[in-house]
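One letter stands for each residue in the lines below.
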Amino acid sequence: MTNGIGRAAGALLTYGFLGLMAFLSVFPFLWMALGATNSSIDIIKGRVLPGAALATNVSTFFTQVNAPLVFWNSAKIAILATVLTLAVSSLAGYGFEIFRSRQRERLYRAMLLTLMIPFAALMIPLFIMMGKAGLINTHIAVVLPTIGSAFVVFYFRQCTKAFPSELRDAAKVDGLKEWQIFLFIYVPVMRSTYAAAFIIVFMTAWNNYLWPLIVLQSNETKTITLVISSLASAYYPDYGVVMVGTVLATLPTLAVFFFMQRQFVQGMLGSVK
Amino acid sequence: MSDLQLSGICKSYGSLEVIKGVDLDIKSGEFVVFVGPSGCGKSTLLRMIAGLEEITYGDLTIDGERMNDVDPSKRGIAMVFQSYALYPHMTVRENMGFALRFAGVAKAEIERRVGEAAKILELDPLLDRKPKQLSGGQRQRVAIGRAIIRHPKIFLFDEPLSNLDAELRVHMRIEIARLHKTLATTIVYVTHDQVEAMTLADKIVVMRGGVVEQVGSPLELYDDPANLFVAGFIGSPKMNFLKGAVEPGDDGQLCVRLPDYADAKIPIRVNAAVPGTPVTVGIRPEHFNETGPAALELTIDMLEHLGGETFAYARHGKGDLVVIETKNGRGLKSGDRIAARFDPACALVFDVNGRRLR
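As given, the protein sequences belong to chains A and B, one line each in that order. Residue numbers for the first sequence follow the numbering used here, so the first one is 1 and each next one is one higher. Residue numbers for the second sequence follow the numbering used here, so the first one is 1 and each next one is one higher.
The hints are simulated quantities; they were obtained by calculation from the structure and are not laboratory data. Keep in mind that a hint or two might mislead.
Straight-line alpha carbon distances no greater than 27 Å define the calculated BS3-like cross-link-like pairs of lysine-lysine that follow [unchecked claim]: (1) B:LYS107 with B:LYS130; (2) A:LYS177 with B:LYS132; (3) B:LYS132 with B:LYS119; (4) A:LYS172 with B:LYS27; (5) B:LYS153 with A:LYS177; (6) B:LYS130 with A:LYS172; (7) B:LYS238 with B:LYS265; (8) B:LYS132 with A:LYS161; (9) B:LYS130 with A:LYS161; (10) B:LYS20 with A:LYS172; (11) A:LYS177 with B:LYS107; (12) B:LYS181 with B:LYS27; (13) A:LYS177 with B:LYS181; (14) B:LYS27 with B:LYS153; (15) B:LYS74 with B:LYS107; (16) B:LYS107 with B:LYS153; (17) A:LYS172 with B:LYS74.
Derived list of chain A stretches under chain B, where covered just means 3 residues or more per stretch with a C-beta under 8 Å from a C-beta of chain B [said to hold, decoys possible]: (18) 160-168; (19) 172-178.
Just so it is clear, CB atoms sit at the ideal spot from N, CA and C, and this is done for glycine as well.
With the rest of the complex left out, here is chain A (with noise of 0.2 Å):
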């Protein structure tokens, strides 16, 4: 009977606790969706009800924002930051896995020590290698810093350690070339890590606010991100507008994450089994 009590007191513990976690979690996505509902002054006002100045805040958001042009920005800087860092990113990893040499170690710590180096380190740095290559103010100079991720690398070196060796034996007896084990096996094999790295990588890409705040300077040129950002510090900023943006900006990662959710799963368990 104690024994009982005890249980149950224990269960109310935890799931009292996951249900707090979760609904921190949740609440700020809550807050975000009902504030885009409401006027500027209830969300200042501290209102989390559904309020009725949805369609005011998304008729003003589109009178201020240029949003096709914003948002294509965005899609076109994360596809690009994406596709290119996982191709360079899981081939090193790869390599780094596979190929042996006496320096492989050393150069992979060095690599891994890139990420103890603060962004903001880098910056000016980085300004003034795009800005002697001509590139401030163009989408490749936000792209290019990101494709060498270390963690993208280290997580892909990590999954390729379930490669199977058997597997690449077998494609060398059938006559493949390196190249083509790692375009004609390993991708496919591994395309659960891949869809976990998309994930990864394309919400870092989509939600990047300092480094394309530093180097995109034309109102053409600028991402959502960028756009919220200035619709918030206005002098009087309409928090209403500044919710539907956030809203909308949301909504592609959330696409990305439901539509490879299975496969983030699975890549984040380990591809190979």
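Using the hints, position chain B against chain A.
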């Protein structure tokens, strides 16, 4: 069909030498099995034949042509792996035809060869399935089909039955033997299971520590092992080894005295032995009977009744366990004292270094 020759083959990883000068002639159409304990270098040797491992020293020739630096796909070999190594994103049909597609073989010819191999291995209904939709035995058949389709000169099998359950292993063993009979191609097969080696091989290569211990037909190795290791490795249950010493017998002939077995004396015909030499006597479990001239006084420790025969595990005092195979063991029970008789002519004698004394 092809001849395969290994001459002074060595493999080193830095200062670690794992294959230490292997010489071997494999005749066209032979079924050769590399057998040995884990880490003996049998898989490494197979991978060197396949071209998946570089050869540090020595020459590998197929049909007289040196193959050391030839690409795996151009050696005329096909390999079946322990884990099957089927491409998981391709169907059975695509898996089987993949190598030919890469070699630029015409689509119609690929289809014909896939059909041919599928017929031999009864894979027709499975051609459009993915590997994950197949059982272990079916996957193994696909892996073999993928090898057959290339019409290789030499088949290489790397422990292909290790991942299968006991029943399926027996079934696939028969399939492989039948396949060898049908195709009459040279097969080099690696296993640590000596039953597989005994049942499949024309010739067994017993390896230990990167060295070939003995080469011969299964029965040659069983009846006439060159050393203690081969004697112990070939045969299941393994040969009994009894420690003793050579001394003069009553009739002027030499005999081996076994101090751990009530000082039993076994007359032996060993020319190379001199009195006082410590030796090991090897007796196979099935060589014990009820009428042999020599006997060991033993007490039964444990019994295994297999129906057709019984294995009795017996010992004398603190001596090592002796395994006895008998057809008439149903009446025995633990604790029984028995006289395990045998013919000394069946006993093998080994010196302290494990070399056979003849």
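So, going through the hints one by one against the coordinates:
1. Of the supplied pair hints, the one linking LYS107 of chain B and LYS130 of chain B holds, its CA atoms being roughly 20 Å apart against a limit of 27 Å.
2. Distance hint between LYS177 of chain A and LYS132 of chain B is fulfilled; the C-alpha atoms sit about 26 Å from each other, no more than 27 Å.
3. Taking the CA atoms of LYS132 of chain B and LYS119 of chain B, the gap is about 21 Å. The hint holds against a cut of 27 Å.
4. Taking the CA atoms of LYS172 of chain A and LYS27 of chain B, the gap is near 26 Å; set against the 27 Å cutoff, the hint holds.
5. With a C-alpha separation of about 22 Å, the suggested pairing of LYS153 of chain B with LYS177 of chain A holds against the 27 Å cut-off.
6. With a CA separation close to 21 Å, the supplied pair LYS130 of chain B and LYS172 of chain A stays within the 27 Å bound.
7. At roughly 23 Å between alpha-carbon atoms, LYS238 of chain B and LYS265 of chain B fall within 27 Å of each other, so this suggested pair holds.
8. For the suggested pair LYS132 of chain B and LYS161 of chain A, the alpha carbons sit about 20 Å apart, so the restraint of at most 27 Å is met.
9. With a CA separation close to 23 Å, the supplied pair LYS130 of chain B and LYS161 of chain A stays within the 27 Å bound.
10. A C-alpha spacing of about 26 Å is found between LYS20 of chain B and LYS172 of chain A, which places the hinted pair at or below 27 Å, so the restraint holds.
11. The straight-line distance between the Cα atoms of LYS177 of chain A and LYS107 of chain B is roughly 21 Å, inside the 27 Å bound, and the hint therefore holds.
12. Annotation: proposed proximity of LYS181 of chain B to LYS27 of chain B holds, straight-line Cα distance about 15 Å (limit 27 Å).
13. About 34 Å separates the Cα atoms of LYS177 of chain A and LYS181 of chain B, which puts this hinted pair outside 27 Å; it is violated.
14. A threshold of 27 Å between alpha carbons decides the hint, and for LYS27 of chain B with LYS153 of chain B the separation of about 12 Å falls inside it, so the pair holds.
15. Among the hinted pairs, LYS74 of chain B with LYS107 of chain B is consistent with the structure: their alpha-carbon atoms are about 21 Å apart, no more than 27 Å.
16. Simply put, LYS107 of chain B and LYS153 of chain B have alpha-carbon atoms about 22 Å apart, close enough for the 27 Å limit, and the pair holds.
17. Under the criterion of a C-alpha separation no larger than 27 Å, the hint pairing LYS172 of chain A with LYS74 of chain B is consistent with the structure, at around 10 Å.
18. Counting residues of the segment 160-168 of chain A whose C-beta sits closer than 8 Å to any C-beta of chain B gives 3, which meets the bar of three, so the coverage hint holds.
19. Counting residues of the segment 172-178 of chain A whose beta carbon lies closer than 8 Å to any beta carbon of chain B gives 5, which reaches the threshold of three, so the coverage claim holds.
Checked against the numbered hints above, the structure breaks only hint 13 and satisfies the rest.
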